[in-house]
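> Residue strings, one per chain:
There are 2 protein chains.
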Amino acid sequence: MAESAPQTFTPSPFAMPLDQAMRTQRAIRRLKPDPVDDALILKCIELALRAPTGSNAQNWEFIVVKDRAVKARLGQLNRSAFNIYGPLGRWMMGRQGNAPMLRILDAVQWQADHFEEIPVVVVACLRQFIPPWPSIAASSMYGSIYPSVQNLLLAARATGLGAALITLPLWSKLLARWTLGLPWNVTPCAVIPMGWPIGKYGPTTRRPVGEVVSLDRFGNRAFL
Amino acid sequence: MAESAPQTFTPSPFAMPLDQAMRTQRAIRRLKPDPVDDALILKCIELALRAPTGSNAQNWEFIVVKDRAVKARLGQLNRSAFNIYGPLGRWMMGRQGNAPMLRILDAVQWQADHFEEIPVVVVACLRQFIPPWPSIAASSMYGSIYPSVQNLLLAARATGLGAALITLPLWSKLLARWTLGLPWNVTPCAVIPMGWPIGKYGPTTRRPVGEVVSLDRFGNRAFL
Numbered sequence: 001m002a003e004s005a006p007q008t009f010t011p012s013p014f015a016m017p018l019d020q021a022m023r024t025q026r027a028i029r030r031l032k033p034d035p036v037d038d039a040l041i042l043k044c045i046e047l048a049l050r051a052p053t054g055s056n057a058q059n060w061e062f063i064v065v066k067d068r069a070v071k072a073r074l075g076q077l078n079r080s081a082f083n084i085y086g087p088l089g090r091w092m093m094g095r096q097g098n099a100p101m102l103r104i105l106d107a108v109q110w111q112a113d114h115f116e117e118i119p120v121v122v123v124a125c126l127r128q129f130i131p132p133w134p135s136i137a138a139s140s141m142y143g144s145i146y147p148s149v150q151n152l153l154l155a156a157r158a159t160g161l162g163a164a165l166i167t168l169p170l171w172s173k174l175l176a177r178w179t180l181g182l183p184w185n186v187t188p189c190a191v192i193p194m195g196w197p198i199g200k201y202g203p204t205t206r207r208p209v210g211e212v213v214s215l216d217r218f219g220n221r222a223f224l
Numbered sequence: 001m002a003e004s005a006p007q008t009f010t011p012s013p014f015a016m017p018l019d020q021a022m023r024t025q026r027a028i029r030r031l032k033p034d035p036v037d038d039a040l041i042l043k044c045i046e047l048a049l050r051a052p053t054g055s056n057a058q059n060w061e062f063i064v065v066k067d068r069a070v071k072a073r074l075g076q077l078n079r080s081a082f083n084i085y086g087p088l089g090r091w092m093m094g095r096q097g098n099a100p101m102l103r104i105l106d107a108v109q110w111q112a113d114h115f116e117e118i119p120v121v122v123v124a125c126l127r128q129f130i131p132p133w134p135s136i137a138a139s140s141m142y143g144s145i146y147p148s149v150q151n152l153l154l155a156a157r158a159t160g161l162g163a164a165l166i167t168l169p170l171w172s173k174l175l176a177r178w179t180l181g182l183p184w185n186v187t188p189c190a191v192i193p194m195g196w197p198i199g200k201y202g203p204t205t206r207r208p209v210g211e212v213v214s215l216d217r218f219g220n221r222a223f224l
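Chains as they are written, first to last, in my numbering: chain A, 1 to 224; chain B, 1 to 224.
Quick caveat, the hints were computed from the structure, so don't treat them as lab data. Owing to the predicted nature of the structure, the values given are computational and were not obtained by experimental measurement. Don't take every hint at face value.
Straight-line alpha carbon distances no greater than 27 Å define the calculated DSS-like cross-link-like pairs of lysine-lysine that follow [what the hints assert, rightly or not]:
1. K43/A / K66/A
2. K32/B / K43/B
3. K173/B / K200/B
4. K66/A / K173/A
5. K43/A / K32/B
6. K200/A / K43/B
What follows is a set of in silico ranges between Cβ atoms, one per label pair, in the way DEER data are often shown [what the hints assert, rightly or not]:
7. L102/A / W178/B: 38 to 48 Å
8. D34/B / L102/A: 40 to 50 Å
9. M92/A / G199/B: 22 to 32 Å
10. K200/B / Y85/A: 38 to 48 Å
11. D34/B / D37/A: 17 to 27 Å
12. A15/A / A69/B: 23 to 33 Å
13. D37/A / S12/B: 23 to 33 Å
Every residue, glycine too, gets a C-beta built ideally from N, C-alpha and C.
Produce the complete structure using the sequences and hints provided.
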């Protein structure tokens, strides 16, 4: 290139180094009510579609929920499950003195209380009925949707959008299907509320890798 | 920083821009038998551990299989499933004239034929028994392992290692557990054969995002 040539360079909002995006991905549950550009959500979903699917079936379906009435119904499903799960979790974590988990439960409570105000709620579905048995079928099918959900979360993180993976609003597949108008052969798998974060992304803490890796046989902790 | 200060900069092997890694991630099944540095595999798994888990349980277990005898047993499990699935798939795809899928089946056949020679086979497990019912439990649990599997695949892609997500060797959880010495409460979910690629990574093709996104209710293709 000639040295005098003018250079125009528009960096992609998703060009964050892969390892930095992964190391600073955390569930962001407290979100501003400010609207999010549809085009940005669609770009995140477009990256989600890059993930692998079993037999390359590409059989995802994403429902982008912005209508307040639909969000309210999902929020009600979320609350009815959290009203059982929340106090139980709080009691158990309190007994264990698990302060980080109690902070997470505070954020989950915030999310339950403000569900309708979250600008965008994405529901990731598979265009497939998932049989409970054999377990390899279930594993293969969930293995065709959760990699794309992880891409969606990483894309959100790279562009600064808050997001978190939840499943509580889907405790009743029947009610979730009814809320979203899903036919029987489209299975809702995960819910990702998205919006501009009130909190911020940052490094996470994890167990040392040697503690969760075995060599050749379970329990052979060769990398500790 | 003083202008004269010497700068040393070691780029991370995982610093590829996020969107580039996602757009060029594909299943790499044909792998060289050359050994792969343990440290590199562990760094990929360390990034896998950055993915979210339900209730932040961090309850993954990864088995890194390098022992040829263990790989041979997994390979046998893989072949016994592929001997049924392969000809069936080939017959169906042949009828449909689906040439790309026939090429994928060729690669899956190569993988089945060379399983023992693959340098590293990672088995991603959950330290949890996954009940077949209710479906929200299964979804939440698979949602605690497949995001980490996707991180592993993206990390492999960034550093140039070939990898693919398969589940066929786990068609019998009982035999897979026996092969890897897994207790009943550790569930094998996915298998990721890894090694230096014979083929190469490159851009993938996908359906347009508007075809798989609905607004508010299923079937409202507002973004076509």
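> A separate judgement is required for each hint: does it hold in the structure or not?
Right, here's what the structure says about each hint:
For the given pair, K43/A sits about 16 Å from K66/A by alpha-carbon distance, which is consistent with the 27 Å threshold. A hinted pair counts as satisfied when its Cα atoms are at most 27 Å apart, and K32/B with K43/B qualifies at roughly 20 Å. Distance restraint check for K173/B and K200/B: the Cα-Cα separation of roughly 32 Å exceeds the 27 Å cut-off, and the hinted pair is therefore not satisfied. For the suggested pair K66/A and K173/A, the alpha carbons sit about 20 Å apart, so the restraint of at most 27 Å is met.
As the CA atoms of K43/A and K32/B are separated by approximately 35 Å, the hinted pair breaks the 27 Å bound. About 25 Å separates the Cα atoms of K200/A and K43/B, which keeps this hinted pair within 27 Å; it holds. Roughly 40 Å separates the CB atoms of L102/A and W178/B, a value that falls within the hinted 38 to 48 Å. With their beta carbons about 49 Å apart, D34/B and L102/A fall inside the hinted range of 40 to 50 Å.
The hinted window of 22 to 32 Å between M92/A and G199/B is violated, with their beta carbons roughly 49 Å apart. Under the hint 38 to 48 Å, the C-beta atoms of K200/B and Y85/A, about 46 Å apart, fit the expected range. Range check, D34/B to D37/A: Cβ separation about 46 Å, and the 17 to 27 Å hint is violated. Separation of A15/A from A69/B is about 44 Å and departs from the stated range, judged on CB atoms against 23 to 33 Å.
The hint said 23 to 33 Å for the Cβ distance between D37/A and S12/B, and at roughly 31 Å that hint holds.
The structure does not agree with the numbered hints 3, 5, 9, 11, 12 stated previously, though it agrees with the rest.
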